[in-house]
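Engineer: Chain A is fixed; fit chain B onto it per the hints.
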Amino acid sequence: MPTFSIITPVFNPPRDAFESCVASVLNQSMTDWEWCLANDASSHEWVSDRLSELQLADSRIRVMNRPSNGGIVAASNDAISIAQGDFLVLLDNDDELHQDALLLVAEAIEKEPHTDYVYSDEDKLTPEGVRFDGFAKPTWSPERLLAQNYTSHLSVLRRSLVDSVGRFRSGFDGSQDYDLVLRVVERARHIAHVPHVLYHWRTLPTSTASSASAKPYAFLAALKAVRGHLERCGTSAEVTEAGPSLARVRRSISHHPLVSIVIATDLRSRRIFGVDTVLATNLIASLSKVTTYNNYEVVLVVPPQSDETLISKMPSILEQPVQVLHGDDTVDLGQYLNIGLIAARSRHAVLLDQHCELIDGDWLATLLGYIGRDSVAAVAPLLVDEFGSLLSAGIGFSPEPHNIGFGRHHSDLGPVGMLAIARECYGVSTRCALVDVEAVKSVGGFSPAFSTIARDFDLAAKLHSKGLHAIVTPLSHVRVFDSMSIGDRELDVLSHRWQHQYGHDPYTRIDTRVLSPALVSS
Amino acid sequence: MLVSNDHSSEVVQRDESTIRLQLQLQQALHECAEFELQVLNSRDHALGQAAEIGALRFRIVKQAATYEQRLNDQSTHITNHLAHISRLESAHAEANQRANVLEAQRQELIALRSSVLEAQRQELIALRSSTTWKIGRFFMLPVRVLKRLTRRS
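Residue numbers (our numbering), protein chains in the order written: chain A, 82 to 603; chain B, 79 to 231.
The shape of chain A in the complex, shown without the other chains:
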């Protein structure tokens, strides 16, 4: 079994809260731990008396008294300097651990001995000790970690790795743990998530738990930590604020590969803002008008016997090359997309639905910024309707397939800010998505069994079954003139295939019924 050193810097905590913290450590079901406390020259007299009393009462408790107040970074590092366990467990002096916290972490480490970093779910405590605001965290999501310190508490780090990265750094006060975690994950061999609430974070008026604005300096330090992390990883990016305690990372792309944009259309028309419009023409016009990225080709797949005059006009709208392909008479747009993917000449291709309209100039460059990482099969922007409501911020599979954020306003931050940040998700809508062509082909592309957006859920599940996931980014929005509905028959077929995956989405573990009131519209 691994051994644990609990690291707690102590500075004038509320007495009741500290006593609860002490009780939560002493009541651990796993008893093989040591508790390293660094008293950062607390001015409250009872603190040093109580710490001495604890040290005398239990040989596992070790106290270091700092001669002067040095701040949380210095105190935490002093506590680490007296630690001897294999792993460091970070615990604030007013928070509480779950009774089985160390036991469950030890089990996770035993399951994968190369684990260097473990994090768990968490909730908050009112000053009176009532638990609230539970956060069921996603599985390891490096993109999300750049946008928010979602792993936060409980964090358990291998001591040797913490020593090798230089422990906590000054200049990151308030986000020193975030900075440390970012440096540790750069070198970690394996990162584990314990899907249980093992940490209770007390909300005092001055703590970050009460509100993100309680410590504005902490957020500035967090942005600095993310910038440092990206620099060390050799990624050129702009890091800005996306909301309370939320960062937005916009990567600069160093090379400009050819991108095939596959558009499958049956050349239908509909009224857009009061004008009868051929959807594909509207899409290609918007593509030509706004897209700043200039190394792309368009693969247009149309039904046989289409209006040649209409089609011949489309290439003239674009300055880029256009391949026009003809699908079969069934006009199954999923199969048309497959035909387009086969004809695509690039490694990554954009799938664009005819109902889309592009509104951001740098949409393609933004999506390209996320590709090239292992196990990412698709990247998508937020899809919004003409009234500004979200249609999709990724696909979730818990409790059942749904478009995340459906029906919310596009500026809504969503639970735990998830709609305002780029993050990993189970899948994305292929209304507009940059996909890894080979990955999509390896799972058979779009299934002929589906004719509506159920094909997106099916593709997401197929990719997920191959260990692949997607990223959704709020840095770009695409307008969609469609309700994105699914028929009951297709839901049945989907359930027939993937029912065993329902409720097992590792990225959307929170109750999606609360998140998306209108789950799958039908």
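What the hints contain is simulated information worked out from the structure, not anything from laboratory work.
One or more hints might be untrue.
Stated by the list, open to error - According to the in silico footprint, chain A covers these stretches of chain B (three or more CB under 8 Å from chain A):
#, stretch
1, 103-117
2, 133-143
Claimed, not checked - Some, not all, of what chain B presents toward chain A, calculated at C-beta under 10 Å:
#, residue
3, S120
4, R121
5, D122
6, A161
What the hints assert, rightly or not - The calculated lysine to any residue pairs, modelled on SDA-like cross-linking and capped at a C-alpha distance of 25 Å, are:
#, chain 1, residue 1, chain 2, residue 2
7, A, K547, A, V457
8, A, K547, A, V561
9, A, K547, A, S427
10, A, K522, B, Q104
11, A, K522, B, A124
12, A, K522, B, A128
13, A, K522, B, L202
14, B, K140, A, H585
All residues carry an ideal CB built from backbone N, CA and C; glycine is no exception.
Structural biologist: Chain B alone, transformed into the frame defined by chain A:
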């Protein structure tokens, strides 16, 4: 002139052959794309079948769990029912026993009543056969006669 004609026919032939080859190439590419589409659909079919097996297995496990639960519920129900029957039977036996006791008590009471009645009857006979009774009856004879006459009138 002959050479020139030969040369031009050779060029024409070469052009025709190039065009034919280009057409064949286009046809081959088209067939290739069609085959690739078939491969994609086959892959989807294979993955879909595998997924359906997974879903089926899940449903079987879930159904088995449901049946197991139902079986357990039924078993619990039967156990409870048997316990209830057993409770009823013991209550019935107890009631029977109590009825027997009551019957015995009733018989005892009946016997007691008969013996008391017999004793009182004997006492009455003894009373009526006593001299005192007979003297009393003799003295009361006129009164009885008078009473009888009064009733008749």
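Engineer: Give a verdict on every hint.
Structural biologist: Verification of the hints:
Using a Cβ-Cβ cut-off of 8 Å, 3 residues of the stretch 103-117 of chain B lie near chain A, which meets the minimum of three, so the contact claim holds. Judged by the Cβ-Cβ criterion of 8 Å, the stretch 133-143 of chain B is covered by chain A as claimed, because 4 of its residues qualify and three suffice. Because the smallest distance between the Cβ of S120(B) and any Cβ of chain A comes to about 7 Å, under 10 Å, the interface hint for this residue holds. Of the supplied interface hints, the one on R121(B) holds, with its beta-carbon coming within about 3 Å of a beta-carbon of chain A, less than 10 Å.
At about 3 Å, the closest approach between the beta carbon of D122(B) and any beta carbon in chain A falls short of 10 Å, and the interface hint on this residue holds. Here the hint on A161(B) is broken, as its CB sits about 38 Å from the closest CB of chain A, past 10 Å. For the proposed pair K547(A) and V457(A), the alpha carbon gap of about 11 Å is at most 25 Å, so the pair holds. Between K547(A) and V561(A), the direct Cα distance comes to roughly 29 Å. Violation of the 25 Å bound is thereby established for this hinted pair.
In summary, the hint linking K547(A) to S427(A) is supported, as the alpha carbons are separated by about 22 Å, within the 25 Å threshold. Under the criterion of a C-alpha separation no larger than 25 Å, the hint pairing K522(A) with Q104(B) is consistent with the structure, at around 22 Å. Among the hinted pairs, K522(A) with A124(B) is consistent with the structure: their alpha-carbon atoms are about 13 Å apart, no more than 25 Å. Note on K522(A) and A128(B): the hinted pairing holds, with a Cα-Cα distance of about 17 Å set against a maximum of 25 Å.
With a C-alpha separation of about 122 Å, the suggested pairing of K522(A) with L202(B) is violated against the 25 Å cut-off. Distance check on the hinted pair: K140(B) and H585(A) sit about 15 Å apart at the alpha-carbon level, within 25 Å; holds.
Hints 6, 8 and 13 from the earlier list are contradicted by this structure; the remaining hints agree with it.
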